[in-house]
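Enquirer: Chain residues, written in single-letter form:
There are 4 protein chains.
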Amino acid sequence: MDKIPQEQAGYLAEAFRCEFVSLCGIWVEKIRRGYLESRMEVAKRHQQQNGVVHAGVISTMADHSAGYAAFTVIPEEYEVLTVEYKINFFRPAHADSLLCRARVLKEGGRIMVGESEVFAEAGAEEVLVAKATVTLAVVHKDKMPQKGSASPE
Amino acid sequence: MDKIPQEQAGYLAEAFRCEFVSLCGIWVEKIRRGYLESRMEVAKRHQQQNGVVHAGVISTMADHSAGYAAFTVIPEEYEVLTVEYKINFFRPAHADSLLCRARVLKEGGRIMVGESEVFAEAGAEEVLVAKATVTLAVVHKDKMPQKGSASPE
Amino acid sequence: MDKIPQEQAGYLAEAFRCEFVSLCGIWVEKIRRGYLESRMEVAKRHQQQNGVVHAGVISTMADHSAGYAAFTVIPEEYEVLTVEYKINFFRPAHADSLLCRARVLKEGGRIMVGESEVFAEAGAEEVLVAKATVTLAVVHKDKMPQKGSASPE
Amino acid sequence: MDKIPQEQAGYLAEAFRCEFVSLCGIWVEKIRRGYLESRMEVAKRHQQQNGVVHAGVISTMADHSAGYAAFTVIPEEYEVLTVEYKINFFRPAHADSLLCRARVLKEGGRIMVGESEVFAEAGAEEVLVAKATVTLAVVHKDKMPQKGSASPE
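Protein chains in written order, with the numbering used here: chain V, 1 to 153; chain U, 1 to 153; chain S, 1 to 153; chain Z, 1 to 153.
Heads up, a few of these hints could be off.
Note that identical chains are pooled: a pair holds if it fits in a single copy or bridges any two copies.
DSBU-like cross-link-like pairs, simulated, lysine-lysine; straight-line CA separation at most 30 angstroms [claimed, not checked]:
(1) K44 x K30
(2) K44 x K3
(3) K141 x K44
(4) K143 x K3
(5) K143 x K44
(6) K30 x K3
(7) K3 x K141
(8) K30 x K141
Don't read these hints as lab results, they were simulated from the structure.
Here chain V stands alone, though its shape is the one from the complex (with noise of 0.2 angstroms):
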């Protein structure tokens, strides 16, 4: 149900990707219409002092699965900007892997809403580490913000 095109379904996969999500080493577990699931592997990396996973780990893969989840619900020809986030931490993350489930809370116009809610899981458990809300802007490709220049127009 609410299935997008698999070839739109394997780009978006794919463009998720970026450098430096593929640097934090997230990817894309499912995808619908308007809704994402990403997953990454916990490694050093990830973590700052306290052997917790970094806050900005976490934010990355909130803020970038919610802008992806709006891709599949806009039309081909517009893009998609964070405008602005909130992320709250409810746990520190002790994980093997986190989960990120992105959805689209409103759609429809220039401004777009989504939610991500980041669970942590060891083993069989699955715990709500953060929740963010996302705001985003639905820019046609051919206003989106050249290089040197100011925000969408």
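Knowing the structure of chain V, use the given hints to seat chains U, S and Z on it.
Expert: Then chains U, S and Z, alone, in the frame of chain V:
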């Protein structure tokens, strides 16, 4: 003015560079009471699809710098945890380097608030690309959440 | 299910209607453990220039309802203070009445997080107009900030 | 410096006082390009249970003032809508009056960002009690959302 002891400054600048922050290539430039400046050189690994710096990198810089600015004003036996933050992106970050200026907005008590401004530096120009507000919990080292436990009591 | 004692429910519904919330005309509809529903009838005094409900009314409803949802899960000798919140407005609220559904997202410890969804009701229709995330501090009554003092120690 | 025409200033100060903002008793004190100062006298109707000013009043002041600060920098045929905001409360507002200083952080394009600081005034003292970041959409009057319609196209 508002200097902190050389030894503490050195210790914080060192501790700042945890695994993930080193991976991002962010370091401390200046530190004084309630204030921290950090910088990073932009490289290919920081980018998203369109060649601009990924929001996740900017967020990591903003959150982490605000947290360490807070470290300069709390007693030695305490630590700081990010409860939540909110970040607005004003324009795409096309830059040679990024500079973050973080300062403590509200100190005292168990909850502190900091804010960070991130600037894109290209040649002699400096452009504000993002601003974050960061809420921090001040927690006694003995009460820091343990592996597998919930958030601070 | 998840009922709270009749007496506590009555007390909270009564306390909910402080001066400003009465002025806004917001009342409690349902209350159970970790959940609170509130409602208000839209009147001329709630409006902004263009005839829609002012964001300040919606925000008051969202924040206040999340705070009281939190009250249902904390020990009797504690109180709840709003540390911060973030609210997204999805569409203008043209409505006969507004309904708010608030629930606790994260409980336990000194910091709780709730979220509220506000719906515009017009006839039989119900449309989501706003969503808020609310960070709350749980403070012992003896440690509540006093007149003129700073925030909770 | 950065003055706006007397006539525009008068019009904005008047429009500022919509139904709900009048009910709250908030008025414009100063206005110039990209900046607005508002004030209110604290009365019993603004309070929550414990005698402090309700967060909803402070939020209304912060959001509304940032919106009108934005009005000073946009072309005449455009309007401003609050997309979202985030507000931190630093300490309870025990005050005779509240003062809000709102300014535009980022202008240009379809998305603007403002920030507001709210101060509690008691005698000669002025204490920062809250700070908000407000994201605004700049919408042409002909494209403002209509009754029952979705958000701006």
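Enquirer: Which of the listed hints are broken here?
Expert: 2
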